[in-house]
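Whole structure, please, built from the sequences with the hints as guidance.
Chains as they are written, first to last, in our numbering: chain A, 4 to 407; chain B, 4 to 407.
FYI, nobody ran anything at the bench for these hints, they're computed from the structure.
Each hint should be verified, as a subset may be incorrect.
Stated by the list, open to error - Sample of chain B residues at the chain A side, in silico, Cβ under 10 Å:
#, residue
1, 284
2, 293
3, 324
Stated by the list, open to error - DMTMM-like cross-link-like pairs, simulated, lysine to aspartate or glutamate; straight-line CA separation at most 20 Å:
#, chain 1, residue 1, chain 2, residue 2
4, B, 229, A, 285
5, A, 229, B, 329
6, A, 229, A, 329
7, A, 229, A, 166
8, B, 229, B, 329
9, A, 229, A, 261
Said to hold, decoys possible - To be clear about the criterion: a stretch of chain A counts as covered by chain B if any three or more of its residues have a C-beta under 8 Å from a C-beta of chain B, and this derived list gives those stretches:
#, stretch
10, 189-195
11, 292-301
12, 320-334
Heads up, the beta-carbon is just placed ideally off N, CA and C, and yes, glycines get one too.
2 protein chains.
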Amino acid sequence: MARVRTDRRSSAAIVATASPSTPSPQPAKPARPRLVGVVGLGRMGRAFAENLGAAGYPIIVWDASQAQIDAVVRPGIIAAANLADLADCDVVITSLPDDDALASVATGPQGLLDMLATGAIHISMSTVSPPLSRHLAAAHAARSQNYVSAPILGNPDMAHTGDVFILAAGPHAAIDSVRPLLEVLGQRLFVIGEEAAAANLMKLAANVLTALTMQGVAEVLALLRKGGIDHRIGFDILTNSLFDSRVHRTYGGKIANERYCPPGMPAPLAVKDLRLALAEAERHSAPMPAASLVHDRLVAMVAHGWTNLDWSALGLLAAQDAGLPDIIPAESGTAAPTTEQAAIHTDKTSALSVTPIDHVYPPSTTGKRSTDAGKASMLATPLAELTHNGSDPSRLISPTSRSR
Amino acid sequence: MARVRTDRRSSAAIVATASPSTPSPQPAKPARPRLVGVVGLGRMGRAFAENLGAAGYPIIVWDASQAQIDAVVRPGIIAAANLADLADCDVVITSLPDDDALASVATGPQGLLDMLATGAIHISMSTVSPPLSRHLAAAHAARSQNYVSAPILGNPDMAHTGDVFILAAGPHAAIDSVRPLLEVLGQRLFVIGEEAAAANLMKLAANVLTALTMQGVAEVLALLRKGGIDHRIGFDILTNSLFDSRVHRTYGGKIANERYCPPGMPAPLAVKDLRLALAEAERHSAPMPAASLVHDRLVAMVAHGWTNLDWSALGLLAAQDAGLPDIIPAESGTAAPTTEQAAIHTDKTSALSVTPIDHVYPPSTTGKRSTDAGKASMLATPLAELTHNGSDPSRLISPTSRSR
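This is the structure in structure tokens:
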């Protein structure tokens, strides 16, 4: 079996795939960028900006929400008035909730594709579909820019302490160039290869495993409780024997402690991740019956209105189905939230509030954007549509950027 | 959250449940038993006998198969001609494939209940139903004997190296008495409480989690392979990041390496374990949709005739469903095995060959047993029946022992 190196930070693992199929890498900038942009200041993006700022990188941040920007700005971290202010960055990190938001930031008017200089590097850390990643890699390459796909494994708490794992794929020269920066953000860097989409597929696969782990813990702890065994003792035994992984302790621990709020990943985003994974499974003809089941469980959580609960509330759903008297947290979002509230309360979705779906689908070529108009459109958009996007990125790209 | 102590061997964890409901413990034998019996010499039982023998315990072994006995006998480990030869043991360990086999050994003519002395301790390490465990605890207590339920977490390789985890429940005095012996067999002892059945429920819950972990790994690796990512590299990344548990590495590793034979736990026994868990789930009204799904996947493996493949061949099933060209091992058992062959080739099932189902269900009061008759009855018994037993132990107990 291929082995990856295990050193922390100083020596990240290199794992090359067999068939790099990305266009030749463009000349990469020097290792220490002059200015790093961070777009999307949810709990993840904020942790990235803060950790890079603390490491001495000059940072400029942008988010659709001024409040999110204000919370991050400090000496060494300046605010952008709009995306165009990031034109001087030689590296821009995006941390956005879904395909629509990333496509809007990258391909919209004054988006990264239009704006970044030759040789600049776009590090895409969002959980998005492999097809979108493939499309953006080609679009950046066509502009002599670099696209590095670098989704992460871990939750916001782990991002805060720099303990996430980073799955990177893209032109090797570009990855080498940003390696010191990525090693600030995570405890370990896995380089999958040159094809950007491979990192996204790997990330979706990992999220399926995480969701299934939580579903398993949810069912088992409900059984133990109904069988008269203290579920926290049961969980302690499990996590001190065969089931001693980070995913069991960290994500399963939320179920054992019934701590579903605030969400590290709110249910609607988890629905999106599982949907993207199942779309890949369908595209590659790989049946995933258990993943399909847990996707349905997450959909049921949204149906219950638990839009502001963590995806680990799979444990709450299992408990409720078993007739256990668990309390639904007051902050769950069950009080018939408007979609605006859902977006405001939902981690990482703030960027949606001025990059709503109608800016990218149906495509808009006006270049006009308005916070009020964006909010109004969201209020009129059912949540199911807000969290839906297809696996075909061409649907998400405006004619302007596609025709270039 | 309750915490369990983490020392290895020297200081096993004590976790008491709130409501011990077992009859008062009988006087336990001294810590160092004069003679320890081991009944059932599958890969697990054999490892237990060998490790205890190596630790200096005088051992007497019995199995339905003379060949299994012969393989274990050595200086310090003597062979019993029949179960009655274990009458002088102050401790007897049973390691048997299912409820039927354990009920036969414990409650049949010349069984442990009839035969053991006052104060002797029966350590039941098989994966059996909580109701059977509850019944045996009461039956032993009624004879002033002790019943300690001590199922293990881990596979035969881990049993061989003494690295399994032991989940014990029963009278505290009896557990204290056999603690040094159990600490030879496993790396850690978790004491669940005084109610024997609680350890069995905990064990079934753990096996559900193990099966779901393998199903998740199976689906995810099939997706990665279809998506063009080397699944061994993908597995390496997963097990070096969030998914770094023993269950991921050990059980998932069999899928990554496509090593399904010889089986640590053959598919039919895994079907039994999941069935027992789902019976408990039904009895306690705790829906387990993912566990139900993986039970069906295991049934499909048996339907394919993979009776001699490890339960991790969930990975082979997922690969096959995804159209991947995986090879079914020649030793899988697919060549339309007779049930006799299945029993011979199947780990831990050897005890069945002279304790067939017709000795316990329908109950027999003749006390007559014959190896030939047993084999003949198995040849006439479809595999589905061989691996089926109900969750009501009263069905399994002969009138003789019940009337006492």
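Structure-based check of each hint:
no.: 1; hint: 284; verdict: 5 Å, holds
no.: 2; hint: 293; verdict: 5 Å, holds
no.: 3; hint: 324; verdict: 5 Å, holds
no.: 4; hint: B:229 x A:285; verdict: 10 Å, holds
no.: 5; hint: A:229 x B:329; verdict: 41 Å, violated
no.: 6; hint: A:229 x A:329; verdict: 13 Å, holds
no.: 7; hint: A:229 x A:166; verdict: 36 Å, violated
no.: 8; hint: B:229 x B:329; verdict: 13 Å, holds
no.: 9; hint: A:229 x A:261; verdict: 16 Å, holds
no.: 10; hint: 189-195; verdict: holds (count 3)
no.: 11; hint: 292-301; verdict: holds (count 6)
no.: 12; hint: 320-334; verdict: holds (count 4)
When the structure is compared with the earlier hints, violations turn up for hints 5, 7 and for no others.
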